[in-house]
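Student: Given next are the chains, with one letter for each unit.
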Amino acid sequence: MIQTTQIILETRGDCQIVDISSQVRRTVSQASITGDAIVVLFHVGSTGGLTTLEYEPGLVNHDIKAMFDNIAPADGSYEHEKTWDDDNGHAHCRASLLGPSLTIPVIKGQLALGTWQQIVLIDFDTRPRTRTIVCQILT
Amino acid sequence: MIQTTQIILETRGDCQIVDISSQVRRTVSQASITGDAIVVLFHVGSTGGLTTLEYEPGLVNHDIKAMFDNIAPADGSYEHEKTWDDDNGHAHCRASLLGPSLTIPVIKGQLALGTWQQIVLIDFDTRPRTRTIVCQILT
Amino acid sequence: MIQTTQIILETRGDCQIVDISSQVRRTVSQASITGDAIVVLFHVGSTGGLTTLEYEPGLVNHDIKAMFDNIAPADGSYEHEKTWDDDNGHAHCRASLLGPSLTIPVIKGQLALGTWQQIVLIDFDTRPRTRTIVCQILT
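Chains as they are written, first to last, in my numbering: chain A, -12 to 126; chain B, -12 to 126; chain C, -12 to 126.
Just so you know, the hints here were simulated from the structure itself, not pulled from any lab data.
From a predicted model like this one, the values you see are computed outputs, not experimental measurements.
Just so you know, not all the hints are guaranteed correct.
One copy or two, it doesn't matter: identical chains are merged, so the pair holds either way.
Stated by the list, open to error - Mimicking SDA-like on lysine to any residue, the simulated pairs with C-alpha atoms at most 20 Å apart in a straight line are:
#, residue 1, residue 2
1, 52, 71
2, 95, 42
3, 69, 45
4, 69, 53
5, 95, 57
6, 52, 74
7, 69, 96
8, 52, -5
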């Protein structure tokens, strides 16, 4: 059985990292899952992505952004920006690399995350957005 | 219920990006999915991978390739190439980072993609290949 | 139906790459899967991740590590390390980029891997760890 819900978030972009673990946990709880299940998460859109990390200020406010600045610099030269007179070429590149989907086991009703492992959306865009994450619970 | 099909593609490599959204959409349609489902995609092989992006010429023909050239340069020094007298060490590294699997929700028979979000195969290899992507629809 | 098992590994970190294909294959075999199925793998923890690659010495002992040294250098400056008096900021960054989850099709009882494509855990941490990979088989 597949139960589909959506998590809606307001974001500000610029490599903002949002911890969505509690929302995902609530979705599992509201679906009355007490046994094993699989949660499929999918970020709708091409300038953000999903992963897990230890949600602490050093990583969230500095280190992850520094890595992505190294991979695809915000001030780099992008054909995407020339074509569309836009400024978010780096956001598209980073999002493609990170990926939009994540699959997380549920064991006896609990997300199988590590103690220091949170589920996050990273928004790479250059302006505030309303973001949608599709959350499917498979039992 | 799991329905398994395969998408077969001829590629030329060198960071070629192929939009497979229409093939995946056709697979969902042919499976007569009208409710919710989950599509699992898997690239068979170690020099290509799957992600989503806005399929437009600037990103597809330049920016994504430039990012991967930065991450694992085509002209870099790779032990893989010395060992196997090969030239695609960068292709293996990039493919491992991008990853072979992608999971996409289907809601009321439609793939839950953003307007500017296409499903793509990126082929990093240095020669033409016949590529197989396994497509499983879970209902 | 979902069958959940765990793969437990002792690792030494420092970008160690462990081939877990045979463990995953054994899990599929022990679940008596003869038809189609989906295997969901999830690495518990924030300093390691999962992907596929050709498991050969050049890539495993040198090239993949060199790529990650380029992406997030081990000797870089990380706020995570200053905050927690730790030395594994690069490990957290790399793991977030690689991602914790992987989804692999099973066709007629066999993992749909390429001939030169193995399932691996990459442990980026800076000390030996006991690692847990949750393995769910969906039929």
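Student: Indicate, hint by hint, whether the structure satisfies it.
Tutor: Each hint, compared with the structure:
With identical chains, the CA atoms of residue 52 and residue 71 are at most 20 Å apart between copies only, with a shortest distance of 18 Å across copies and 24 Å within one. Within a single copy, residue 95 and residue 42 get their C-alpha atoms no closer than 24 Å, and across copies no closer than 34 Å, so neither meets the 20 Å cut-off. Taking the closest pair of Cα atoms, residue 69 and residue 45 come within 20 Å of each other only across two copies (8 Å); inside a single copy the shortest separation is 34 Å, beyond that limit. In this homomeric assembly, residue 69 and residue 53 come within 20 Å of each other (Cα to Cα) only across copies, at 15 Å, whereas the closest approach inside a single copy is 24 Å.
Taking the shortest alpha-carbon separations for residue 95 and residue 57, neither the intra-copy value of 40 Å nor the inter-copy value of 40 Å comes in at or below 20 Å. For the homomeric pair residue 52 and residue 74, the shortest alpha-carbon distances inside one copy (17 Å) and between copies (18 Å) are both at most 20 Å. Neither within a single protomer nor between protomers do residue 69 and residue 96 lie at most 20 Å apart by alpha-carbon distance, with minima of 49 Å and 36 Å respectively. In this homomeric assembly, residue 52 and residue -5 never come within 20 Å of each other (Cα to Cα): the closest approach is 23 Å inside a single copy and 32 Å across copies.
In summary, the numbered hints that this structure violates are 2, 5, 7, 8.
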